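There are 2 protein chains.
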Amino acid sequence: MATINQRIVLASRPDKVATVGTFRLEEVPLPALAEGQVLERNDWLSLDPYMRGRMDDLRSYTAPQALDETMIGGTAGEVIDSRHPKFKPGDRVVGMLGWQRFGVSDGKGLTRVDTSRVPLAAYLGPVGMPGVTAWVGVNRIIEPREGETVVVSAASGAVGSVVGQLARLRGARAVGIAGGPEKCAYVRDELGFDACVDYRTELVQGLRAATPDRIDGAFENVGGAVLDAALARMNAFGRIAVCGLIAGYDGVPMPIHNFRSILVNRLKVQGFIVTEFPDAWPLALAELGELVASGRLKYRESIADGLENAPEAFLGMLRGRNFGKQLVRLG
Amino acid sequence: MATINQRIVLASRPDKVATVGTFRLEEVPLPALAEGQVLERNDWLSLDPYMRGRMDDLRSYTAPQALDETMIGGTAGEVIDSRHPKFKPGDRVVGMLGWQRFGVSDGKGLTRVDTSRVPLAAYLGPVGMPGVTAWVGVNRIIEPREGETVVVSAASGAVGSVVGQLARLRGARAVGIAGGPEKCAYVRDELGFDACVDYRTELVQGLRAATPDRIDGAFENVGGAVLDAALARMNAFGRIAVCGLIAGYDGVPMPIHNFRSILVNRLKVQGFIVTEFPDAWPLALAELGELVASGRLKYRESIADGLENAPEAFLGMLRGRNFGKQLVRLG
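From first to last, the protein sequence lines stand for chains A and B.
For the first sequence, my numbering gives the first residue as 1, with consecutive numbering after it.
For the second sequence, my numbering gives the first residue as 1, with consecutive numbering after it.
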């Protein structure tokens, strides 16, 4: 049985831009299990934009990531030892055990998952927090009607890719915004969006061309110029689900110039956090699991190998270098 | 019977800043009444910020004000001739007859009002469109709970003054934002707000001091730095009713820097136009009428005399030179 754990801690608060030096890899002893505890081997780490927000010591919806403590984050793996009545070795589980090789849990927040039809890592993506985030934004905030146009930024990402596919399942026209021709081709051709706009080369004109009937719902992951472009194309009574503002996460100032559209078009704009919709989770996970198992919901993963490469993969994701859900494969 | 009418028309679209030269006073013949028409003498014109938006030829929620046509606007006056079965000479009426001495109406949008307990001009203010606007923002969007804090900008104005008083009637703490010590003293001492912040001298620090428990609801009339200051103080799950963005009406760029608060605090931000809440009007007018008649709802008027002074009074209002509801008294 393993006695040494490896983990990545937050070494210092970023001075605006986070770097690999912001993190530190360290070895720590793995304690013996107490009664009621589970020892889990993390096979997959989930890397998500929200983590960047936690690294700053700002007033936010949760406490900041503590310095010198294991970086937070979603994990998927296998129970290798258990003194907990509900878990046994071999169980596949997802949880929030953070950036480490092994995790010890009292079972709270640890969920056994069925990997017979859905791959384990998908429980960190389309059948996990990112998928449910998309589901809540579409079904609880934007609520697109048939024939309406829904725009989503970071459209090839873990959340955005699901947003557009769910909007299409509700009969809406889905338009993605993504960075570069490769991602845009994927969004259109593989994910089946009606159109995709490359924000690097054609944001404003491209969005205009891709939304001939303007925009009824926007799912915002990016902010800044991307959000401004969407605001300028909104229809009356449009809805904007504000899920992330990744453009401003790394200390970049991000003024919004088209706020006036909220008034002129009588928009509803709502910021949300998926954990605050607990009633939506069972419904969303059941629907998303079935869609993935049956192959009707497509997704893509960017996989970094090895715990030591998590910081670089994370920083790359903040800059859009990932393509689909960013994961770290361990072991 | 009068045969000559005087009116003010929009002479040209403003090149960013509107001036008195943007308008033109002219005399036109008053046509004979056709069957079904009413001739009304306007005693009061209402001047409102929304008119500035209409003067630009921009995509907005309504068609722009036509060039060389009578400026739109709410009016209150007396029927002096009628070939309409529902109106008779001597009736006091409010309507949307625009910036002119006399108006001819087919009766649509013309409402007879009772001036026995509420002065005629109040039907253009607290018991008219501005009052109902405040009522809808408070009761349909912000919905303050007892003990919550509601902030309103342009707090001494026709809408803002009612917002704070209605919020207090619901048990909330009302904090105004206004320009200058005189307006702030009025908002506190006469209108009974819990606090008022002078945006000219103490916007950010003043608002912090005036909102020790932060802000749960904001009623936004101004935009720009005033809105940014409110965004920075919002509590989780706060609501922002966006009623006006007067700071940007006259071509002034108005970037918003604290949009991130919408995400971090999971705010609901909603732009609205009072005419799109038709079901609220009877309820709101009944409540506001009773509050004014019984002296429990205070208000103040800025009165310009003479049609020829309407443009200057209007431009002054856009710059905050009015104090309370801006009216023009005719005749």
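Source of the hints: derived by calculation from the structure; they are not laboratory data.
Small disclaimer: the values here were computed from a predicted structure and weren't measured.
Beta carbons: idealized from backbone N, C-alpha and C, even for Gly.
Be aware that a few hints might be false.
Claimed, not checked - DEER-style ranges, computed between Cβ atoms: (1) A:Ala11 to B:Ala236: 26 to 32 Å; (2) A:Ala209 to B:Gly36: 45 to 51 Å; (3) B:Arg319 to A:Leu58: 35 to 41 Å; (4) A:Leu169 to B:Ala280: 32 to 38 Å; (5) B:Ala236 to A:Leu169: 28 to 34 Å; (6) B:Asn309 to A:Ala63: 29 to 35 Å.
Said to hold, decoys possible - Among chain B residues calculated to face chain A with C-beta under 10 Å, some are: (7) Leu58; (8) Ser60; (9) Leu203; (10) Val204; (11) Gly223; (12) Phe237; (13) Pro253; (14) Phe259; (15) Arg260; (16) Val264; (17) Asn265; (18) Arg266; (19) Leu267; (20) Val269; (21) Gln270; (22) Phe272.
These are the hints, each one checked on the structure:
1. A:Ala11 to B:Ala236: 26 to 32 Å: Distance hint for Ala11 (chain A), Ala236 (chain B) holds at roughly 30 Å.
2. A:Ala209 to B:Gly36: 45 to 51 Å: holds, 49 Å
3. B:Arg319 to A:Leu58: 35 to 41 Å: Given a distance of about 36 Å, which is inside 35 to 41 Å, the answer is holds.
4. A:Leu169 to B:Ala280: 32 to 38 Å: Since the Cβ atoms of Leu169 (chain A) and Ala280 (chain B) sit about 35 Å apart, the hinted range of 32 to 38 Å holds.
5. B:Ala236 to A:Leu169: 28 to 34 Å: holds, 31 Å
6. B:Asn309 to A:Ala63: 29 to 35 Å: violated, 59 Å
7. Leu58: Because about 8 Å separates Leu58 (chain B) from the closest Cβ in chain A, which is inside the 10 Å limit, the hint holds.
8. Ser60: Given a least distance of 5 Å, the restraint on Ser60 (chain B) holds.
9. Leu203: violated, 17 Å
10. Val204: violated, 15 Å
11. Gly223: holds, 7 Å
12. Phe237: It holds, given that the least Cβ distance between Phe237 (chain B) and chain A is near 9 Å, below 10 Å.
13. Pro253: Constraint on Pro253 (chain B) satisfied, holds at 7 Å.
14. Phe259: holds, 5 Å
15. Arg260: holds, 6 Å
16. Val264: holds, 5 Å
17. Asn265: holds, 7 Å
18. Arg266: OK, holds: Arg266 (chain B) within 10 Å of chain A, min 5 Å.
19. Leu267: Leu267 (chain B) check passes; min Cβ-Cβ to chain A is 5 Å, inside 10 Å.
20. Val269: holds, 4 Å
21. Gln270: With a minimum Cβ separation of about 5 Å from chain A (threshold 10 Å), the hint on Gln270 (chain B) holds.
22. Phe272: Since chain A brings a Cβ to about 6 Å from Phe272 (chain B), closer than 10 Å, the hint holds.
In this structure, the hints that do not hold are numbers 6, 9, 10, in rising order.
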